[in-house]
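Participant: Protein chains in written order, with the numbering used here: chain H, 1 to 394; chain W, 395 to 575.
No lab work stands behind these hints: they were computed from the structure. Be careful, since some hints might not be right.
Mimicking BS3-like on lysine-lysine, the simulated pairs with C-alpha atoms at most 25 Å apart in a straight line are [stated by the list, open to error]:
id, chain 1, residue 1, chain 2, residue 2
1, H, Lys70, W, Lys413
2, W, Lys446, H, Lys46
3, H, Lys75, W, Lys551
4, H, Lys59, W, Lys554
5, H, Lys271, W, Lys524
6, H, Lys70, W, Lys496
7, H, Lys206, H, Lys294
8, W, Lys554, W, Lys513
9, H, Lys59, W, Lys513
10, W, Lys496, H, Lys16
11, W, Lys554, H, Lys70
12, W, Lys513, H, Lys46
13, H, Lys59, W, Lys496
14, W, Lys524, H, Lys75
15, H, Lys16, W, Lys513
16, H, Lys206, H, Lys145
17, W, Lys496, H, Lys35
18, H, Lys75, H, Lys46
19, H, Lys347, H, Lys285
20, H, Lys16, W, Lys446
21, H, Lys34, W, Lys413
Derived, one-sided and incomplete: chain W residues facing chain H with beta-carbon distance under 7 Å [as the list claims (entries may be wrong)]:
id, residue
22, Val445
23, Ile502
24, Glu506
25, Pro519
So the derived label-pair ranges between C-beta atoms look like this [unchecked claim]:
id, chain 1, residue 1, chain 2, residue 2, range
26, W, Ile547, H, Asn382, 22 to 28 Å
27, W, Gln512, H, Asn323, 43 to 49 Å
28, H, Glu21, W, Leu466, 54 to 60 Å
29, W, Lys551, H, Gly371, 42 to 48 Å
30, W, Val542, H, Glu39, 39 to 45 Å
31, H, Glu334, W, Gln512, 20 to 26 Å
32, H, Glu21, W, Lys413, 27 to 33 Å
33, W, His478, H, Asp368, 39 to 45 Å
34, W, Ala433, H, Asn382, 18 to 24 Å
35, W, Val542, H, Asp366, 54 to 60 Å
36, H, Thr360, W, Lys496, 50 to 56 Å
Heads up, the beta-carbon is just placed ideally off N, CA and C, and yes, glycines get one too.
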Amino acid sequence: MESTEYNIYIADLVSKLLKGEISAEDNALLENWKKDSDENMEFFIKLTSHEYLQEIQNKYNLINSEFAWKNINNKLYKEHSSKRSIPINLFKYAAIITLFIFVAALLFYNHQTGKPTVKNNQVLVNNQIHPGGKHAVLILSDGHKVYLGSKTRKLINEDDGTILHNINNTLAYGNSNLKANDVILYNTLVIPRGGEYQLVLSDGTKIWMNSLSELRYPTKFTGSERNVFLKGEAYFEVAKNASMPFIVKTNKAEIMVLGTHFNITAYEDEKDVKTTLIEGSVKIKSQTASRLLKPGEQAVLNNDGQLNINKDINVGEAIAWKNGLFEFKGSDIEQIMRKASRWYDIKVIYQGAMPDTKFTGRISRDVDISGLMDILRFEGVNLKIDGKNIIIKK
Amino acid sequence: MLNTETLLAFRNGDNEAFKHVFNVFYKRLCIFAAGIANAELAEDIVQEAFVKLWERRETFNHSESIKGFLYLTIKNTCINAYKHQQIVNKHLSTLVEGVDEKNIAQSIIEAEVAYELQKAIQMLPLGCRKVIYLCYFKEFSNQETADVLDVSINTVKTQKARGMKILRLLFKEALIWIFFF
Numbered sequence: 001m002e003s004t005e006y007n008i009y010i011a012d013l014v015s016k017l018l019k020g021e022i023s024a025e026d027n028a029l030l031e032n033w034k035k036d037s038d039e040n041m042e043f044f045i046k047l048t049s050h051e052y053l054q055e056i057q058n059k060y061n062l063i064n065s066e067f068a069w070k071n072i073n074n075k076l077y078k079e080h081s082s083k084r085s086i087p088i089n090l091f092k093y094a095a096i097i098t099l100f101i102f103v104a105a106l107l108f109y110n111h112q113t114g115k116p117t118v119k120n121n122q123v124l125v126n127n128q129i130h131p132g133g134k135h136a137v138l139i140l141s142d143g144h145k146v147y148l149g150s151k152t153r154k155l156i157n158e159d160d161g162t163i164l165h166n167i168n169n170t171l172a173y174g175n176s177n178l179k180a181n182d183v184i185l186y187n188t189l190v191i192p193r194g195g196e197y198q199l200v201l202s203d204g205t206k207i208w209m210n211s212l213s214e215l216r217y218p219t220k221f222t223g224s225e226r227n228v229f230l231k232g233e234a235y236f237e238v239a240k241n242a243s244m245p246f247i248v249k250t251n252k253a254e255i256m257v258l259g260t261h262f263n264i265t266a267y268e269d270e271k272d273v274k275t276t277l278i279e280g281s282v283k284i285k286s287q288t289a290s291r292l293l294k295p296g297e298q299a300v301l302n303n304d305g306q307l308n309i310n311k312d313i314n315v316g317e318a319i320a321w322k323n324g325l326f327e328f329k330g331s332d333i334e335q336i337m338r339k340a341s342r343w344y345d346i347k348v349i350y351q352g353a354m355p356d357t358k359f360t361g362r363i364s365r366d367v368d369i370s371g372l373m374d375i376l377r378f379e380g381v382n383l384k385i386d387g388k389n390i391i392i393k394k
Numbered sequence: 395m396l397n398t399e400t401l402l403a404f405r406n407g408d409n410e411a412f413k414h415v416f417n418v419f420y421k422r423l424c425i426f427a428a429g430i431a432n433a434e435l436a437e438d439i440v441q442e443a444f445v446k447l448w449e450r451r452e453t454f455n456h457s458e459s460i461k462g463f464l465y466l467t468i469k470n471t472c473i474n475a476y477k478h479q480q481i482v483n484k485h486l487s488t489l490v491e492g493v494d495e496k497n498i499a500q501s502i503i504e505a506e507v508a509y510e511l512q513k514a515i516q517m518l519p520l521g522c523r524k525v526i527y528l529c530y531f532k533e534f535s536n537q538e539t540a541d542v543l544d545v546s547i548n549t550v551k552t553q554k555a556r557g558m559k560i561l562r563l564l565f566k567e568a569l570i571w572i573f574f575f
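Chain W with its partners taken away, still in its complex shape (with noise of 0.2 Å):
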C-alpha cells in the first residue's frame, strides 16, 4: 500500500505525497459513501475527511490507520448528514435510505473488492487493459472492439488471451465467476 517514504513525507507536510495517499484511497471511499449517502453528497464527504486527514497528519504511523481514519471519519459523518437529512425533510414522504450497520458492513466490503479487482486490472499493459475493459465490462464484441481501438480484430483476440492469462493467475478460481459466467 504505502511505502515508508511516501507515509513520512505526508507526515511532513508534502503535497506529492498527499497526493499519492488520495489517490489510493479516494475512490474506494466514494463506493463506499455513496453506499450509505445520497451520491452528491457523497464525494462532498470524502473530500471532507481528506481535509481533516491532511490536518492532523502527523499523528498517523502506518497506512492502516490512516484506512481506518477515513472511513470511521465518512461513516460519522454520514451517519450525522442522515440525521441532519431526516429533520430537513420530515415533511417529505421517502428518507434517504437508512444508515445501519448492514449497510456500512456491506459497503466497505464493496468498496475494498472495488478498489482490488481495479488494481489487478490496471497491473495489465494498456493495450491488453483496453480490450479486457470493452470486451467483459462493456460486453462489445471482437469486432466491436477492434472497430473502438482502432487495431485489427487478430489484435483483439491476441490482446485478449494475454489478458486473460494474467488476470487468472491474478484471480484463481474466482475469475470463474467474473468473466465465465
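In isolation and in its complexed conformation, chain H is listed as follows (with noise of 0.2 Å):
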C-alpha cells in the first residue's frame, strides 16, 4: 500500500519534469516509478498531455473558493447551532448554483462563438443531427434549476430535508424529516426537447418521462391522496397503495390509479390526450365523462371533451419511446415528424399540401435523424434537411 506522502513526493516529480527543473537522479526515480505498473505509465501519459491539462486547469478555474472560504468561517465562529445552518445551507446552494450558471453559460458562450463559420459549414455537409439523450432540469421547491444528465452524478438536499440521489439517468427521492403537518414542498421534473429520463417518487412509483415533458409532484406523499401534475408524455409503474389512490392531472383530464402501469401522452400540440394501460386498472376522467379502462385499451380524450376507448390497439407502438424505439402503425407524415421534432430538436416546414402516404414501421431513437429521412425518403417523401429545419415538400 503506498502511502499519501509517496504519492505527494511522486506529483512532486512530475511537477518538477513539467516545469523542467527535474535532476537526473530525481529523473531517474520518476522513471522508476513509471516502470513499476502499466497503470503508473498509462497515467503518466494521459497526464502530461495537452486535452488533459487542459481540462484539470478548467476544472481548478471553476472552484469558488470564495464561498468555501465563508463557510468555513461560518463553521468556525458561528458555531453548529440550528439556527445557523440554514444561511450555510443557502451559500451551499447559492455555490452549486452560481457553479452551474457558470459552467452553463460557458458551454453557450463556446458554442456560440467557437469558430462558427467552420461549425455552420460542419452541417451543411454532414446533415447530421444527433439523437436526444438524458437531459432533464429539475426545479427546487425554492425555484433553483438544476441541470441533470448522464454524466451528473449527484445528491440533493431539499429544504425539508428530503435527500435526492441522481445516479444512472435516474433522480430517485429518499425519505425526509417531514411531519404529517408541515408544508408540502413541491418539485417539477423538466425535459427539453431531444431529452428524456427516469424519475422515482418517494413512494417508489417510477416514470419514464419522455422529450418536451413537464411533472410536478410533492418531495413526499401526504394526506389521502397522491397527485402529480403532467404536461407531455411519461410512462408510469405505480406503487401499490390501496388507502392513498395516484392521480395524474393533465390539462384536460384526471388519471386515477391504485397501482399499475400505463402511459400517457397529452402533448400541447396533439389533438388528443392518450391514456394507454398495460398491467392493473386506472380510470380517465375528463370534464364531462368518467370510463374505467382495462389492460391493453386505450382511452383517447378528444379537442371536444369526447372520452373513447380504443380496444383494438398496439399497445407496443404506445410505449415504444420508453424502449428506446419510434414505432408507427398507419401514423401520417405529420403525426410522425411531431415525435421526430421532440427528440431531435428540430423544425418541420411543410412546402404545399401534405404528403397523404400512410407509414408502418420501427426505428430506433439511438440513430441521428439521417436514418430516420432516410426510410422516409425510401417511401417516397420528398424532403431535405436544413440545417435544423425539416422541409417536406408533396
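With the hints as a guide, bring the two chains together.
Facilitator: This is the structure in C-alpha cells:
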C-alpha cells in the first residue's frame, strides 16, 4: 500500500519534470515509478497530454473558493447551532447554482463563438442531427434549477430534509423528515426537446419521462391522495397503495389509479390525450365523462371533450419510446414528424400540401435523424434537411 | 510555499494567515476529493478538513506537514463517506466510483500538477494571462480573443508571444505537449 506522502512525492517529481526542473537523480526515480506498473505508465501519458492538462486546468478555475472560505468561517465562528445551519445551506446552494450557471454560460458562450463558420459548414456538409439523450432540469421548491444529465452524479438536499439521488439517468427521492402537518414542497422535472429521463418518487413509483414533458410532484406524499401534474408524455409504474390513490392530472383529464403500469400522452400540440393501460386498472375522468380502462385498452380524449375507448390498439406502439424506439402504425407524416421534432430538436416546414401516405414501421431512437429521413425518402417522401429545419414537399 | 512568518501567524491563530493557507491548498484539494468522491460531497469534505486543520493548528511545524495532514484527512473522510454511501444506497444499482489506492494516487498527482500549472500561469502579467487563457484553454481565435477583451488583434498577437516566451521558460519541453500538440 502506498502512503499519501509517497504519492505527494511522486506528484512533486512529475511537476518538476513538467517545469523542466528535474534533476537526473529525480528523473531516474520517476522513470522507476513509471516502470512499476502499466497503470503508472498509462496515467503518466494521460496526465501529460494537452487535453488532460487543459481539462484539469478548467476544473481548477471553476472552483469557487470565496464561498468555501465563508463557509469555513461560518463553521468556525458561529458554531453548529441549528439556527445557523439554514444560511450555511443557502450558501451551499448558491455556490452550486452559481457554478452551474457559470458552466452553462461558458458552454453556451463557447458554442456561440467557437469557430462558427466552420461549424455551420460542417452541418451543411454532413446533415447530421443527433438523437436526443438523457437530459432534464430539476426545479427545486425554492425555484432553483439543477441540470441533470448522464454524467451528473449528485446528491441534492431539499429544504424539508429529503435527499435526492441522481444516479444512472434516474432521479430518486429518499426519505424526508417531513411531519404530517409540515408544508408540502413541490419539485418539477422538466425534460427539454431532445431529452428523456427517469424518476423514482418517494413512494417508489417509477416514471419514464419523454422529450418536451413536465411533471410536478411533492417531495413526499401526505394526506389521502398522491397527486402529480403532467404535461407531455410519461410512462408510469405506480407503486401499490390502495388507501392512497395515485392521480395524474393533465390540462384536460385526470387519471386515477391504485397501482398499475400505463402511458399518458398529453402534449399540447397533439389533438388527443391518450392513456394506454398495460397492467392493472385506471379510471380516466374528463370534465364531462368518466371511464374505467382495462389492460390493453387506450382511452382517447379529444379536443371536444369526447372520451372514447380503443380496444384494438398496439400497446407496443404507445410505449415504444420508453424502450428506445419510434414505432408507427398507419401514422401520417405529421404524426411522425411531431414525434421526431421533440426528440431531435428540429423544426418541420411543409411546402405545399401534405403527403397523404400512411406509414408503418419501427426504428431505433439512437440513430441520427438521417436514418429516419432515409427511410421516409425510401417511402417516397420528398424531404430536405437544412440545418435544423426539415423541409417536406408534396 | 508557506514562509515561516505565515506559518507562525497561522499557529498563533491569525485568521489572515489561515486564509493564506486556505488559498494555497483549497482548489487542488477539491480536485483531489472530486477524483475520489461525489463532486458536491467533495467540497464539503475539503472544507471540513480545513476546520480540523484550524482546530489543531498548533501542532504543525512546516507546510509539508499541513499538506500531508489535509490530503490524509480528506482521503479518510472520502473512504468513510464511500462506505456510508454503500450502506445508504444498497438498493440502487450503481454506486459512487470505488475509492481504491490507484484512484487516490492518481487524484493526488492530478491535483498537484493542476496547482503547479496554475501557479505558472498566475505568474504571467494579467493582460498576457487573459490572452493565453482564451487562446489556449478556451481555444478562441486571435480575432475572437480580441473581441472579448476589447483590444486590437495586434495586442493579442504581442501578448500571446510574450506569454509563450515566459511559459516556455517555465515549462521547457513540457510546453510542447501543453500548447503545441
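Participant: Now tell me, hint by hint, if it's right for this structure.
Facilitator: Here is what the structure says about each hint:
1. Lys70/H - Lys413/W: 10 Å, holds
2. Lys446/W - Lys46/H: Outside the cut-off at roughly 34 Å; violated.
3. Lys75/H - Lys551/W: 47 Å, violated
4. Lys59/H - Lys554/W: Answer holds: lysine 59/H to lysine 554/W is near 23 Å, not above 25 Å.
5. Lys271/H - Lys524/W: Violated - the C-alpha atoms of lysine 524/W and lysine 271/H are around 54 Å apart, more than 25 Å.
6. Lys70/H - Lys496/W: Given that 25 Å is the threshold and the Cα spacing comes to 33 Å, the pair is violated.
7. Lys206/H - Lys294/H: Roughly 20 Å between the alpha carbons, so the hint for lysine 206/H and lysine 294/H holds.
8. Lys554/W - Lys513/W: 18 Å, holds
9. Lys59/H - Lys513/W: 15 Å, holds
10. Lys496/W - Lys16/H: 21 Å, holds
11. Lys554/W - Lys70/H: 36 Å, violated
12. Lys513/W - Lys46/H: 21 Å, holds
13. Lys59/H - Lys496/W: Roughly 21 Å separates the two Cα atoms, so the pair holds.
14. Lys524/W - Lys75/H: Cα-Cα ~35 Å, so violated.
15. Lys16/H - Lys513/W: 13 Å, holds
16. Lys206/H - Lys145/H: Judged against 25 Å, a Cα distance of about 22 Å means the pair holds.
17. Lys496/W - Lys35/H: 15 Å, holds
18. Lys75/H - Lys46/H: Violated. Lysine 75/H to lysine 46/H sits at ~38 Å, over the 25 Å cutoff.
19. Lys347/H - Lys285/H: Not OK: lysine 347/H and lysine 285/H at ~34 Å, beyond 25 Å, violated.
20. Lys16/H - Lys446/W: Since the Cα atoms of lysine 16/H and lysine 446/W sit roughly 30 Å apart, the hinted pair is violated (cutoff 25 Å).
21. Lys34/H - Lys413/W: 36 Å, violated
22. Val445: Check passed: Cβ of valine 445/W comes within 5 Å of chain H, closer than 7 Å.
23. Ile502: At 4 Å from the nearest chain H Cβ, isoleucine 502/W passes the 7 Å test, so the hint holds.
24. Glu506: 4 Å, holds
25. Pro519: Where the cut-off is 7 Å and the nearest Cβ of chain H is about 18 Å from proline 519/W, the hint is violated.
26. Ile547/W - Asn382/H: 22 to 28 Å: Violated - the Cβ-Cβ distance for isoleucine 547/W and asparagine 382/H, about 47 Å, lies outside 22 to 28 Å.
27. Gln512/W - Asn323/H: 43 to 49 Å: Because 47 Å falls inside the window, the suggested range holds.
28. Glu21/H - Leu466/W: 54 to 60 Å: 26 Å, violated
29. Lys551/W - Gly371/H: 42 to 48 Å: 45 Å, holds
30. Val542/W - Glu39/H: 39 to 45 Å: 40 Å, holds
31. Glu334/H - Gln512/W: 20 to 26 Å: Violated, at about 55 Å.
32. Glu21/H - Lys413/W: 27 to 33 Å: About 29 Å separates the Cβ atoms of glutamate 21/H and lysine 413/W, which means 27 to 33 Å holds.
33. His478/W - Asp368/H: 39 to 45 Å: At roughly 43 Å between Cβ atoms, aspartate 368/H and histidine 478/W fall inside 39 to 45 Å, so the hint holds.
34. Ala433/W - Asn382/H: 18 to 24 Å: 49 Å, violated
35. Val542/W - Asp366/H: 54 to 60 Å: For aspartate 366/H against valine 542/W, whose Cβ atoms are near 37 Å apart, the range 54 to 60 Å is violated.
36. Thr360/H - Lys496/W: 50 to 56 Å: 53 Å Cβ-Cβ, so the 50 to 56 Å window holds.
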